[in-house]
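Visitor: Chains A and B, in that order, give the protein sequences. Quick note: to get our numbering, add 11 to the position in the first sequence (first position is 1). Quick note: to get our numbering, add 27 to the position in the second sequence (first position is 1).
Heads up, some of the hints might be wrong.
No more than 25 Å apart at the CA atoms, straight line, and that leaves these computed lysine-lysine pairs for PhoX-like [to be verified]:
| id | chain 1 | residue 1 | chain 2 | residue 2 |
| --- | --- | --- | --- | --- |
| 1 | B | Lys-53 | B | Lys-88 |
| 2 | B | Lys-56 | B | Lys-38 |
| 3 | B | Lys-156 | B | Lys-191 |
| 4 | A | Lys-77 | B | Lys-88 |
| 5 | A | Lys-77 | B | Lys-53 |
| 6 | A | Lys-77 | B | Lys-56 |
| 7 | B | Lys-156 | B | Lys-114 |
| 8 | B | Lys-147 | B | Lys-56 |
| 9 | B | Lys-88 | B | Lys-38 |
| 10 | B | Lys-88 | B | Lys-56 |
| 11 | B | Lys-156 | B | Lys-56 |
| 12 | A | Lys-77 | B | Lys-38 |
Negatives, chain A to chain B, calculated, CB over 10 Å [claimed, not checked]:
| id | residue |
| --- | --- |
| 13 | Ser-13 |
| 14 | Ala-90 |
| 15 | Leu-96 |
| 16 | Phe-120 |
| 17 | Ala-122 |
| 18 | Phe-161 |
| 19 | Gly-164 |
| 20 | Ser-178 |
| 21 | Lys-182 |
Have a look at the derived ranges for each label pair, beta carbon to beta carbon [to be verified]:
| id | chain 1 | residue 1 | chain 2 | residue 2 | range |
| --- | --- | --- | --- | --- | --- |
| 22 | A | Ile-105 | B | Arg-92 | 42 to 50 Å |
| 23 | A | Ala-102 | B | Ser-188 | 28 to 36 Å |
| 24 | A | Pro-69 | B | Arg-85 | 24 to 32 Å |
| 25 | A | Lys-77 | B | Leu-40 | 46 to 54 Å |
| 26 | B | Ser-188 | A | Ala-61 | 29 to 37 Å |
| 27 | B | Arg-85 | A | Ala-102 | 26 to 34 Å |
| 28 | B | Ala-189 | A | Arg-86 | 33 to 41 Å |
It should be emphasised that the hints constitute simulated quantities derived from the structure, not laboratory data. Small disclaimer: the values here were computed from a predicted structure and weren't measured. Beta carbons: idealized from backbone N, C-alpha and C, even for Gly.
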Amino acid sequence: MSHQPFETWLLSDNSLDEDQEAALQTHLDACEHCQSLSTAWLHVQDTMTASVSHIPEPGFTQRWHKRLAAVRQQRQHRAMWFLTLGLFALAGIIFLALALTNLLSTDFFYALSQCIANFSLFAARINQVWRVFDTITAAIPFLVPILVIFGIGTLFAMIVLVITWFSSVIKLYKPVHEGVMDQ
Amino acid sequence: MSEQEALWIDKALNGDDNAFGQLVEKYQKPVFSLCYRMLGNSSDAEDAAQESFIRAYRFLKRYDRDRSFATWLLSIASHYCIDRLRKRKLDTVSTDVLPAEIIADHHAPNPEREYQAQEKEILMQNLMKDLNPTDRAALILRYWHGYSEVEIAQALDLTVSAVKSRLYRSRQALAQLWLASERTSLISERRPHESPAF
Chain A
12 MSHQPFETWL LSDNSLDEDQ EAALQTHLDA CEHCQSLSTA WLHVQDTMTA SVSHIPEPGF
72 TQRWHKRLAA VRQQRQHRAM WFLTLGLFAL AGIIFLALAL TNLLSTDFFY ALSQCIANFS
132 LFAARINQVW RVFDTITAAI PFLVPILVIF GIGTLFAMIV LVITWFSSVI KLYKPVHEGV
192 MDQ
Chain B
28 MSEQEALWID KALNGDDNAF GQLVEKYQKP VFSLCYRMLG NSSDAEDAAQ ESFIRAYRFL
88 KRYDRDRSFA TWLLSIASHY CIDRLRKRKL DTVSTDVLPA EIIADHHAPN PEREYQAQEK
148 EILMQNLMKD LNPTDRAALI LRYWHGYSEV EIAQALDLTV SAVKSRLYRS RQALAQLWLA
208 SERTSLISER RPHESPAF
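Build the full structure now, drawing on both the sequences and the hints.
Guide: Below you can see the structure in the form of structure tokens.
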């Protein structure tokens with residue numbers, strides 16, 4: 012037995028005219044398949060209308076404001092990272108461009124010999140300074156502990172500066188979730 | 028759209044968070060309800076509803092004032108839930124959620140009725156979980172939000188004939204699933220009285 016167009020009529024939103032209604036009723040009296048389909052769809056409709064409505068927990072808007080603040084902070088944080096990476100990339104590109112230009116515009120072996128000569132000159136200067144320092148400390152022995160203390164102090168100050176710089180950078184890039192979420 | 032709503036939208040477009048907050052306050056229930064019916068549990072629905080409002084605020088400039096603001100919001104929420112369901116490919120109703128949600132509220136005026144309503148709700152969610160996400164969204168907008176086929180087509184970026192065919196397919200699937208679930212419950216009811224096979 013063909014179930015069309017009765018199945019379509021049963022499940023359609025469109026209203027039927029009198030003739031269609033009568034034809035459908037005659038078919039339903041004879042067809043068990045369409046009858047069970049009709050009953051099932053009526054049950055489904057009944058269940059849909061009887062099911063509970065869902066509402067959010069109180070404070071939805073406040074939670075939305077907090078989420079908005081967190082999302083903004085996250086976006087800002089991401090933008091800062093992109094800016095930093097962009098600046099590094101730009102610096103890298105400039106450095107590479109300059110290096111390439113320099114490499115192409117000068118003779119490589121001449122530049123290498125110049126570099127070695129400069130290094131030798133620098134070593135000779137260090138040697139001279141060391142000799143002068145050695146002569147002074149030999150003449151005035153009490154200067155040694157003062158210079159040692161000064162050297163250690165300078166080293167310690169440099170370490171502190173490096174730590175402070177790193178912690179500042181970390182703090183700057185760390186997202187402040189706590190203040191936003193727990194308000 | 029009311030004058031008040033238009034004013035809130037204007038203010039929100041100028042960066043007034045509180046003005047958009049008023050719109051959130053007004054439309055939280057329909058958006059949450061849609062997300063709940065799409066995703067099947069409160070925590071996912073809350074997250075999806077919040078995210079839908081965030082997206083709506085972000086893309087408020089794209090809102091066409093000739094259309095209903097509610098339809099535009101529900102369109103964003105529907106698309107978000109459809110994407111989420113496609114990504115997860117998980118069942119709508121988590122089995123962890125079911126037992127807690129079927130417990131009747133004894134403080135309700137009629138706990139028996141409340142229980143039956145919740146039972147029907149879970150039955151409905153179980154029937155709907157096998158539907159395609161877009162079909163499910165169309166069905167929810169039609170039967171729980173009272174949208175016309177034209178409004179559904181606008182909300183889901185579909186043609187009216189596509190909406191009609193999706194709705195027809197969904198109704199057919201739900202009726203078949205209902206029949207199948209009835210058959211299963213009949214079998215499980217008979218089994219305890221059956222004589223053992225050996």
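Visitor: Now, for every hint given, state plainly whether the structure supports it.
Guide: Now for the hints, and whether the structure bears them out:
no., hint, verdict
1, B:Lys-53 <-> B:Lys-88, "holds, 20 Å"
2, B:Lys-56 <-> B:Lys-38, "holds, 22 Å"
3, B:Lys-156 <-> B:Lys-191, "holds, 20 Å"
4, A:Lys-77 <-> B:Lys-88, "holds, 22 Å"
5, A:Lys-77 <-> B:Lys-53, "holds, 18 Å"
6, A:Lys-77 <-> B:Lys-56, "holds, 19 Å"
7, B:Lys-156 <-> B:Lys-114, "holds, 15 Å"
8, B:Lys-147 <-> B:Lys-56, "holds, 20 Å"
9, B:Lys-88 <-> B:Lys-38, "holds, 12 Å"
10, B:Lys-88 <-> B:Lys-56, "holds, 23 Å"
11, B:Lys-156 <-> B:Lys-56, "holds, 22 Å"
12, A:Lys-77 <-> B:Lys-38, "holds, 19 Å"
13, Ser-13, "holds, 16 Å"
14, Ala-90, "holds, 15 Å"
15, Leu-96, "holds, 24 Å"
16, Phe-120, "holds, 60 Å"
17, Ala-122, "holds, 55 Å"
18, Phe-161, "holds, 56 Å"
19, Gly-164, "holds, 52 Å"
20, Ser-178, "holds, 33 Å"
21, Lys-182, "holds, 27 Å"
22, A:Ile-105 <-> B:Arg-92: 42 to 50 Å, "holds, 48 Å"
23, A:Ala-102 <-> B:Ser-188: 28 to 36 Å, "violated, 58 Å"
24, A:Pro-69 <-> B:Arg-85: 24 to 32 Å, "holds, 25 Å"
25, A:Lys-77 <-> B:Leu-40: 46 to 54 Å, "violated, 22 Å"
26, B:Ser-188 <-> A:Ala-61: 29 to 37 Å, "holds, 31 Å"
27, B:Arg-85 <-> A:Ala-102: 26 to 34 Å, "holds, 33 Å"
28, B:Ala-189 <-> A:Arg-86: 33 to 41 Å, "holds, 36 Å"
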